[in-house]
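If you're matching them up, the sequences are chains A and B in order.
Each residue of the first sequence is one higher than the one before, starting from 566 at the first, in my numbering.
Each residue of the second sequence is one higher than the one before, starting from 11 at the first, in my numbering.
It is worth saying that the hints were derived from the structure and are not from the lab.
Straight-line C-alpha distance at most 27 Å; calculated DSSO-like pairs for lysine-lysine:
no.	chain 1	residue 1	chain 2	residue 2
1	B	67	A	665
2	B	81	A	665
3	A	621	A	591
4	B	67	B	27
5	B	75	A	665
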Amino acid sequence: SQQGEEDPQALSIQEGENATMNCSYKTSINNLQWYRQNSGRGLVHLILIRSNEREKHSGRLRVTLDTSKKSSSLLITASRAADTASYFCATDGRMDSSYKLIFGSGTRLLVRP
Amino acid sequence: EAQVTQNPRYLITVTGKKLTVTCSQNMNHEYMSWYRQDPGLGLRQIYYSMNVEVTDKGDVPEGYKVSRKEKRNFPLILESPSPNQTSLYFCASSHTGGTRRYEQYFGPGTRLTVT
Chain A
566 SQQGEEDPQA LSIQEGENAT MNCSYKTSIN NLQWYRQNSG RGLVHLILIR SNEREKHSGR
626 LRVTLDTSKK SSSLLITASR AADTASYFCA TDGRMDSSYK LIFGSGTRLL VRP
Chain B
11 EAQVTQNPRY LITVTGKKLT VTCSQNMNHE YMSWYRQDPG LGLRQIYYSM NVEVTDKGDV
71 PEGYKVSRKE KRNFPLILES PSPNQTSLYF CASSHTGGTR RYEQYFGPGT RLTVT
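Isolated chain A, as found in the complex (with noise of 0.2 Å):
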């Protein structure tokens, strides 16, 4: 079964407004990233939070993790047309190998100029 579920399944925003997109997951992990996918295109890692941060950031993205809720969040600010994609959360279970990666499906985010 899944480990993450994203919420919203769509977004579609204004350039220059935030973005926020949640992920819940079912069992404990090690670490939670997240990874976006332009159309059709392999997906590229932006973020790895560990169970133990509570919140992390990387340029225009912060990412929340709160394990008591087993639910994460990414927030892109003054967020631009190249945003324009779809994002995942991955997880691992902390019991497998942190490698063993099972994937939400995903938020497309819709940027409009």
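Since chain A is already given, all that's left is putting chain B on it; use the hints.
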């Protein structure tokens, strides 16, 4: 340029005709993995390899084989393809040590259609 390459990028074949999708990485990564991506199902892991001659099943291994004879290559073999293996396939790799372990680099994808 650091990259993961896959060939072919597009393939249309018929049921039962054996095929191989190649994957190669030039980053000296120990870990390599194959995923399939289907609408509404996200990415699902088929097989992964922690190093040469070490492979293990992912979540959907049925109908697939892999081998890891060299560190840089990790081919995906479909011995007898069926229409339900029509999908978009991705190869990925990462280091198993250092500060950036676990971060996976993905290939451009192979779109496979089995008729």
